[in-house]
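J.: This is what each chain is made of:
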Amino acid sequence: MSNCGLGRNTRLVIVASLAAFLLCGSLWGQEASGEGSGIASPVSVDVFPAHVRLTSPRQQMQLVVTAATADDHRYDATHSATYVSSDPQVAVVENSTVLPRGDGKADITIQYGEHSKIISVEVTGQGEPAPVSFYHGALAALTKQGCNAGACHGSPSGKGGFRLSLRAFDPELDKLTLIREEFGRRTNPHQPEASLLLLKPLMKAPHGGGLQMTKRDPAYALLRDWIAEGCQLDPPSAPRCVRIEVYPPSGRVLKLSEATNIGREQQLCVLAHFDDGSVRDVTRLAVYSSSDEQVAEVSTTGLTKGQDRGEAAIMVRYMEFVESVYLTFVREAPGFAWSNPPANNYIDELVYGKLQQLKYLPSELCSDDEFLRRVYLDTIGVLPTLEETQTFLADAAPDKRSKVIDRLLERPEYARFWALKWGDLLRMTKKAVGESGVHKYHQWLLRSFAANEPYDQFAREVLTASGSTLANPAANFYRTTADVNDTVESVAQVFLGARLQCAKCHNHPFERWTQDNYYGMASFFHRVQRKTAGRPDESFIFTTRSGEVTQPRTGQTMKPWLPVAGEVDIAADADRRKAFADWLTQKENPYFAKIEANRIWAHLFGRGIVDPPDDFRDSNPPSNKALLEALAKDFAEYKFDRKHLIRTILNSRTYQASSRPNEFNKDDVRFFSHYQPRLLSAEQLLDAICHVTGVAEKFGALPADMKATQLPSPDMAENEFLKIFGQPERQTVCECERGDDSNLGQALQLFNGPVVHGKLRHEANRFRVLLNAGKPDEDIVRTLYLAAVCRQPSEGELKASLAHIASKPDNRVEALEDVCWAILNTNEFLFQH
Amino acid sequence: MRISRLVALACCSWLFGVSTQAQDAVSFRKDLAPILLSNCVACHGAKKAEGSYRVDSFARATQPGDTGAAPITAANAAESELLRRIISTDESERMPLEGDPLPEEQVALVRRWIEQGAVYDAENPQADLAVIMPPPVHPDPPEEYSQTLPVTALKFSTDGARLFVGGYHEVTVWSAADGQLAQRIKNVDQRTYGLDLSPDGTRLAVACGSPGQRGEVRVFRVESGELLNVLGTMPDAAFDVAYSPDGKRLAACAADGAVRVYDTESGKEELTITSHSDWVTAVTWNNDGSKLATASRDKTAKVFDAKTGELTITFSEHGQPVKGVAFHPNGTEMYSSAADGRVMRWKLEDGKKSADVVRFGGEAYKLESGEDMFFAVSADKTARQFQLADHKLVRDFRGHNEWILSSAYHGPTKRLATGSFDGEVRIWNVDDGKEVVQFRAAPGYVK
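For the record, the sequence lines run as chains B and R.
So for the first sequence, my numbering puts the first residue at 1; every next one is plus one.
So for the second sequence, my numbering puts the first residue at 1; every next one is plus one.
Calculated directly from the structure, the hints in this document are not laboratory data.
Please note that the accuracy of each hint is not assured.
Said to hold, decoys possible - A few chain B positions that, by computed beta-carbon distances, are all more than 10 Å from chain R:
(1) E182
(2) H207
(3) K255
(4) G277
(5) E364
(6) K775
Said to hold, decoys possible - A short, non-exhaustive set of chain R residues, derived as facing chain B with CB atoms under 8 Å:
(7) G45
(8) P64
(9) G65
(10) A69
(11) Y168
(12) Q213
Glycine included, C-beta positions come from ideal geometry on N, C-alpha and C.
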């Protein structure tokens, strides 16, 4: 029995949290020291920025010190280095931050170990007033402390009668609220420290939100001073922030060690660039979050600390600007030695590259029986027949795996099974498009997959479809997406991997998508019209030549807008959808090929390189960026040939890796060092039960030989078993609609549900037929194993089965029912592995 | 850090008049309550009770929290968990958590109070700290204002010669003829939101408070500026005060949603009306003193029987926070103003709107009424005068450069005073709408 089971994931979680817990203990208490870190002595140090210019008493500069070793490893030494100013009257360094003291020039000597570096500091404007900016100071401070977060005063109705705009996206509203509302109740310029705005988060006055600020926070001083200066607004000429820059940029690899903090930390420096050319350090005002707290934590001061090996995106936000820094954390694993597994293709090279870096050892190749079962289920959705299994296992040809992959891709079941997946994404249901509509739509999809229609043509066909939905079934896309909002959100999620819904009402709080973007994209689909036609289940889709989208907040008429490209001009009489499809299906489009390549990968591995596979965003980085890019490039260059991509993946050792983990990869769940077992999908499971028992399931009035994995839509033939195991209703385009959680209903179904029970008791089931044909017990047991898990039973399994049958000499058939039931309830059967 | 701590200490001593004479017996009401209230109640009170421990009354402060350790051990300071936690050197348990430690003087008071037997020197051990504390002596106002202050309360003297204006920790008194500063009435809380004169003109009632922290109704002798009484202490600012026509009663309303009626002779709270569910921002009497009307942030205006406190009628058609109310002389109708700038007329009988009076271009604030006129002011920088009988617009007053927040009317001299967000006060002749005088109600302020 293979080492896979329901308990694995749970155990993993416990182990991971235990590890995190134990690591914490050693994290904080230790003096920085390079000893025992596994990091070689530094050969040089470098300091960012090389030159510091401070033009007002409010400015400061976070320094980032980087040490380099002889083997070209770089690590952060910011909090271990010492800093000496040549003139403390001009500038000093506190907490690795340069603070101005008086006009003039000074040098800062940064010493780390035996190495030092000197940077120059120029300080001006110290005698001049430096009022706190309302937007870049006071509102940034409130944002930093989380006051205007969605769960607090940034919620649409505020909290406790105090309402701020979500992350300060509406400074005009905040101006009224902070300065004027209730007679200026919140700010007290006469006695700034007594302002309610400060007393509440300090918990000097009762505050439902609790302690949110201390007097040591930079936000406190900014707010206090802004109030003391009379709550001034920014003059129209005040410089505006245009972008932020984060140092270090993405890509740095940090080494974790049990013994020391050295190497695991990375101080970030965040610079805001203004439209007057000035640059200010906003490290203390930026807001930080980590995409994976198990891997890396980040403090409010931008100090990142690695917790476990892996990768994390550190999202940095300052006002409306968002940047993400990707950091990789590696750790010495005692006894780890790279096994140098051969690579079948570029996929293995890129996966192994990442594994080697993170010190994970890939699992061995899976066995032939495991491979056969796996590749059948992934490619055509069903288990191999006894003959297919026997032939494959007996085949001695070294390339037999490649051959079976090729054969499967040409099987008609390939198209039927992948049409099921796209039927989900296209929300193909009887309810939405009618019974004959579903048939036509499904047939169209089957033809597309059977002919291996290139993905770009497929997308174009869907997006630009017009006419009768019966004559041109692809036009049903505009029937299932009932209005322009639904259309733009569906297009974004299916083809751009972006969840755009938030941007409908306000700028996306965590991502780049703005409300303008949403309505700019919507203008491509605004002119699509839907009208009912003469025949039942028929709609007519066409576009008008006029009509523009109005942005509801600003009242502005939106020009068609595309990510990366920006606003575009389209001929007045052109179908704007064509322009969108042209842009979308370009080889260079940064989303198109990647999303589909990732979706195919996720289908084959049960987990996307970006996961969830339809949630691409800065704060959800790919677990292997190079791999995803290579797959997308291959896909695009191979004319968006899906079979090519699937074939390439199936032929990789990565796909063919065993699901049994080894000592050095057992805690990996995202870098594909071993195959992740997963429960069969609802449809696969039902088909598999039918296959093992030899009793087909009947789906309403659909053809008798139609399998669950080939159903045109769930509501064509309602099936309780499928629903319980997570078959989606196809109400949304979200991949998440297909449930993957286990529940009691499933356990009861497998234990003694009508499907399992009925088939075990069926008069013409597989073992009864064999029994009636006079087959000996052993043959029957062997057959059942071969059918269910594509292998012969082990000696122990066979012995136990035969002993059980022998124990019921009066009732062989009931004993065989027991054996078959037991097989159907093994993890090995229920899981793909 | 050191400086801010000193400032904090100084503030505390000003605000609460903490006794620092080492030899005196330490008083819970005078010495301990202010310390607990300003440092501990935020986390250990009714809103939040960290560690299941509360200190918002003496009785609660003696009950152990989750740790089970006795917080107050009479005559045995070494055993007191409360004292241990405020002097602990372990930052993870030193109170106030994540805040600056208490100043030594305050710690010494706590220690001595416990050593002296932890005596409770007020009547009801269950009473809130704010209620048992002696009224604070408020700090002096700034000698010279460095900033202006929004003018939130105005009142003419009985003879109309002077104008009372809410200041910062004071009520300033100005000549209505030439706008010269005449007097400064001190010992007032931070902000003043409502002013009224007793019918005999000798007493000035002040609704004041520190936002989010405390509210008070203070009564001063007009002549001398002497504090006569502190009628009530509330957990958040008091917004309005109004003497009954016979001067025997004083109504006050506050951010805690309550309307309180005091007997002016005894200072006793006769009636507490808690019908509103949010701030009550204005209160007014009808002509014979039998009814009280209120405006509230709960988006309603209400009328109560002034004897029993019983709710007579609720008007909820504004759908916005209501800011001001005025009785119609016909005895059957009301006017009210709201945050969306609308002024409505409605019937006492059924609480239904009978007329839309006006819609300002910004929030409307408290209504001010005289014998036959009423006035409304707004964030759209205008004040308007209406006839009480038919709400006919008589005229508007334009000239303020900022939101107008408050007004006062003096019938005999036909003067209207208006105060705006930028600290400016203007006095108008309501007969011709001309401005008589303007000044900034900020002593010593230089632009």
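J.: Now look at each hint and say whether the structure bears it out.
T.: Here is how each hint holds up against the structure:
1. E182: violated (8 Å)
2. H207: violated (7 Å)
3. K255: holds (31 Å)
4. G277: It holds; B/G277 is separated from chain R by about 34 Å at its closest Cβ, greater than 10 Å.
5. E364: Correct as stated: the minimum Cβ-Cβ distance to chain R is 50 Å, above 10 Å.
6. K775: holds (71 Å)
7. G45: Holds, because the Cβ-Cβ distance from R/G45 to chain B comes to roughly 6 Å (cut-off 8 Å).
8. P64: Violated, because the Cβ-Cβ distance from R/P64 to chain B comes to roughly 22 Å (cut-off 8 Å).
9. G65: violated (17 Å)
10. A69: Because about 22 Å separates R/A69 from the closest Cβ in chain B, which is outside the 8 Å limit, the hint is violated.
11. Y168: holds (5 Å)
12. Q213: This interface hint holds because 5 Å falls under the 8 Å limit.
Of the numbered hints listed earlier, those contradicted by the structure are 1, 2, 8, 9 and 10.
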